[in-house]
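Enquirer: Given chain A, work out where chains B and C should sit, using these hints.
Residues per chain, in single letters:
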Amino acid sequence: MLEWLVRGLRHGVLTTGYPRETEPAPAGFRGRVAVTRAEGGSAALERLCPTGAIRVRSGRVLLDRGRCVLCGACVEQAPERFAFVADYETATRSRAALVVGDVGTPAPARPALGDRRWTLRRSIFIRHVDAGSDGAEEWEIQALANPYYDLQRLGLFFTASPRHADVLLVTGGVTSPLREPLRRTYELMPEPKAVVAVGSDACSGGFAAATGEVAGGVDQVLPVDVYVPGSPPAPVAILHGLLLAAGVVTGEAPA
Amino acid sequence: MSARPERAQHDALTSVLGGLAAEEPGAPEGERRFVLEAQGLARAAAALGAAGGHFAGLFGCGPEPSAVVAVVAFRGELVELRGRLDGERAYPSLAAATPAALLPERELHDTTGLVPLGHPELEPLLRPDADRPQRRVAGPQTFLIPYGPIRSGVVEAMQFPIETGGEDVLAFGVRPFFKHRGLERRFAGMSLDHGAYLAERVAGPEAVAHARACARAAERAAGATVPPRAERWRLVHAELERIAAHLDTGAKLAEDAALSVGAARLGALKEEVMRLRARLCGNRFGRGVVVPGGIRNEPLLVPAEVAAALDALEADLRRDRRLLLGTASFVDRLVGSGTLAAETVTRFGGVGPVARACSLGIDARLERPYGSYPRLGFRIARATAGDAMARWEVRLQEIDQSLHLIRQALESLDRLPPELRVPVAGSGEAYGWVEAPSGELVYRLRIEGSTVAEARIVPPALRNWPLLSESFRGDVLTDVAFVEHSFNLSPAGSDR
Amino acid sequence: MSATLAVGVAGLAAAVPLAARSPRLSAAICASATGLLGVVGAATAAGAARASVGIGSWLGFGQASLLSDRLTGIFLAACGAIGACVSLALAERPRSRMVAALHAVVLLAACTVLLSTQAFVFLVGWESLTLALYLLGSSDARRPGALAAAYAATGATKLGGASLLAAFGLLYARTGSFELHVWLRDAPELGAARSAVFVLLLVAFGSKLGLVPFQGPLPPLYAAAPGVAPATISLSFLAACYGLWRLVFTVLAPGSLWWGELLVALGAATALVGILSTIAEDRIPCFLGWSSVEHAGVTVLGLGVALVGQAAHLRLLAAAGLLAATLHLLVHGVAKALAFLAAERVVEATGHDTLAPLGGLARGMPWSAACFGLAVVNLAALPPFGGLVSEWLTFMALLQAFRLHDTVAELVLALGGAGLALTAGVGLLAFVKLFGGIFLGRAREATALAGPDRPRLGSGALAAAALALGPIAPWEIRWLGRGLQGILGFDPARSAVSFPLVLGPVYHGFSVLSPTWLAAGIAAFVAAIVPIVRVLRPPVRRGPVWLSGTAVPLAAVQYTPDAYANPIRVVLRGLYGFRRTVGPRRPGEVAVVRTWLVPAFDAYLYRPLAAGALAVAGRARRLQSGSLGAYLLYVLAVLLAALALIPALAR
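Top to bottom, those sequences are chains A, B and C.
The working numbering puts the first sequence at residues 1 to 255.
The working numbering puts the second sequence at residues 1001 to 1496.
The working numbering puts the third sequence at residues 2001 to 2651.
For the record, the hints were derived by calculation from the structure and aren't laboratory data.
Some hints here could point you the wrong way.
[Stated by the list, open to error] For each label pair, taking beta carbons as the anchor points, the in silico distance ranges come out as:
#1 A1312(B) - T36(A): 35 to 43 Å
#2 I2522(C) - G251(A): 28 to 36 Å
#3 A2450(C) - P1140(B): 47 to 55 Å
#4 E76(A) - D1129(B): 25 to 33 Å
#5 R20(A) - E1121(B): 52 to 60 Å
#6 Q1134(B) - G2425(C): 33 to 41 Å
#7 P79(A) - V1422(B): 16 to 24 Å
Heads up, the beta-carbon is just placed ideally off N, CA and C, and yes, glycines get one too.
With the rest of the complex left out, here is chain A:
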């Protein structure tokens, strides 16, 4: 056991300082897609996206980040209009805010957990439920426990019992056999609680939305507080989403 202790100490501190310090994404990282030129779009642009995230409304190009799976087909085919941004902070508090270029007013979001109960500002217990994801989001959420991110230093803990949980972390657009178990988990959580949808599948159903096997996103089953788009979102992005739900950070993703 002593050898393990020595081994652990030799590597020093690996942990990121996020959110106190900024954590820059590596160059070329596909964090989110930005619409560099929104005007003058044609309907042909809609066919570029395999999940239907691009919509052209009266010549204006709208990109639904909740549907975008970051495949890069639009950037490859129309680089003058779309570009990747190497950014981690992609979470938003409402579904409408995920649609880039939409000038409508977003729906009012529920206050963050920390605002609803002061004692939850610095210590949140998280219950993760897989409602039909592809497994990549689980890897990224598990990565939050490794020494690079170490979510426990921020007062975030994973729990197995819904009765102890404050935040429900859902991945996957909800498949029909998992709908009822997901709802039961939500019912068992005490108030106040928050739901964070992680991944594009959870925001909109992703590729599977067109097959009819999934509900089309977690918000079709439960009220969602924070949306973290991405396929899958990077661990820092998930951390940003959790801290947004807790009320520790307030900055949502820029347009």
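Expert: For chains B and C alone, kept in the frame of chain A given last:
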């Protein structure tokens, strides 16, 4: 390929199948196609299995469907037995002779309504009811622990109904298909590129393997040849994915054994690999790299940088694994847990590290070499005990082999022409197979023009799930986590 | 006092034939008669004048009478109180005339044993007790295995009876009289025969108590007896212990050190065997029967310490052991009778006498659950109840081993203490399994309850006693002290009960326990907390049990009693002979699990003995040739042998 081995193979196959099936010419290299009546499918598959064939998968093909297809790996070739239905809705089940066909036939029955006659266990498989697990054991005062679909920890949704008499596991049930998203159907009508993007999202941790299999199937159907530089980079990504998956297994096992520092070390190493992949292509899972015809973009790092990162990784890993294998509290939990016999693995058609840990030399990179593997040297990983420790040892050997392969690929890059991609267009149908981290993955694509008409996937997890159930002989409840993580199968992959 | 005694005995004697007419009336008369006898016993033990009823010498073995002195008073009070409550329970629901009559016979026989001053009366009482127990066990012949169980149990106790006869014969031969007070006077002159008498008496009373190796047949006897008969059978425990107290501790005292050591070792072994068999048992009456075996072991453990103290001339140690054992006897008697009554209620209401199909009965049978719970907390020795007090006193007595100067005795007492500790721990598990398996959780098989669960007088009185025996322990011990003064020579309660209501082992200042204050404190705490919690309770929302997101019926997923005891059976599978096999697993089929136990005692002692006995019987059958000439020859041979022996013995 010279004609002489082909004739020898032809004799072996035709001598086994005899008058049972007729060969259809025109299959791409490495595949053989036979057509027969669906009524004779069971006999033909049993004959191939008795002659040493390894059952791979079973699915329906065509509208309605019009044929039941069984795929068998036989002596370095993938043999497709296409049983025509001719309007019938039932066919003799293969499951009686080949237990590996139990799950695929149930899935086929659920999706299409085709009845396998004589199937011993025809219950609904897709969209299972979490509240009604099947009891497999009857006895005084045995009770059920319905472990799942929402399990403790950050894990995928899957139900394991465990029947126990107090502490020992009397029967370990495996119920996949809670996450069935119908993705096979979604392929229809997509462009080839979009198909590859969809394939990456069937099973996230094996994204590169799925994309490669899908791309290979499309390339073989259209008759396109991928440039060698692209093949090398594909190999680099695939082997990095394998290393990450095996490190993930190790981290989970160390966490189960309550070795916090070990789990943290392996988790940190896995994070290093993921960050390397992000620096290499912009995505931590290698998504958006493999497209039909080659790779999409030039990598963002030069080979020297990649090699340097891997050297640092290997040095760290060497010390950590030596410490891990010397920790008795870790090793003791794995030795003797979840022991499988080679005969069981063969009967159920198991693949991947699970099969190699029972001293079966099954690896698609060696049986039916693809990509750059024929040009680079590597050894197949093997262990004999068949328990959780053997599976971990196999994974450690595979990490070594993967590092060796990546280094060879990186060194050979400067001798290759710079072309990265060729166009893929055409019509046809073909199989694409790769060795994913958890075993052999097979895609079957029928393309028309540049769109996918029909796709079928045979994931390795679907072939290995019955083995997880069979591996519990005399283990207790506390061993469940170790055995399950030593298999490390992906429910998303098997459920599609 | 004597008149009351006579009325009580006469009442019991009258109740026997009355049962043929009206079992209910007979049971009621039993209740009042035993109640009277209990009052007599209590008064006599407290120091009132002796009560006696003379029988005269017409039996031909010397003067005989039924006498209640201080020691007898203790046992008579216990037998009376418990017997009265059981009779009341019987009066409420008389099953059959046979059972009512036999109940009266058992009470009469037990009281005869307790009151007799002469060996012949003692023997008559003892053998009647054995016979009555056999008839009780075999009264419901339709039960599977009842006849065999009764037969086996009686066989063991007959062996004990023969041993008792031999002991009395030996004592008569040495002292020339059958009267107990003569034996008491002449005991020091017995010489070498004393140890022989001790062993014979130990076999006699041990076979009735269920000491190792006689423990096997006893629990099935409890299972074989119908209705409240098991509670009646548990009264024989008191009679057997009285025999040990009176004949071994009083008459044969003081003995050698090895007597006490043997008793301590046997007691610890019996307690361990008993509790390990308890936890593996699935049938409720057998479960409680094995618990009786365990508590017999604990009682004998205390008595063993008393004998060691007596032999080492440490009268405080002897008093400590005897006080502990006597208190344990009383508490166990009350708790076991209560447990049997409540169990009988459960078995009758559900129709099942095994734990497997039961569960969740607390809602449907709250009174039975409360009674059973009170019995169980006493048997499992939980504070602040009486079971804890007696077990604590036993532990304290064992801990005094350091006062001895004999290494072997110290070692044996230390090992006895270790055995007792292990027994107490496993005992807790066993009773959790029993109570939880019957009353808590959800019903594993839905059974309709026959009849409502009303509070009853008999079990209610016993339940009140079980509840109170802990908190009123100081007064009990004072009363016991006066009762034991007769045989100890001093009142141990002087030093056992100190500063108001605090108990200690007889050695002053060694250790303290106060169940009275503890009970008062718990009651005050609960009374203070409950209103506060009621007022300050935050809004509560109830949700279903979390089962990994499923809604599988709870009855299928809860722990079964068998599974609860499984770890111990697996760890000690050598002792239990535990085997579990699973049938071949084929797809689409349900595999069958088989579990079976062949305990070590069964495999290595009883079965070979039974096989040997059957072999000998087979050989002996040849003697029954049926020919008159052979039989006359046998008579002649026996006559000649007797004629030869008598002069040799008459020397």
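Enquirer: Compare the structure with the hints numbered earlier in the document and write down the numbers of the violated ones, lowest to highest.
Expert: 2, 3 and 4
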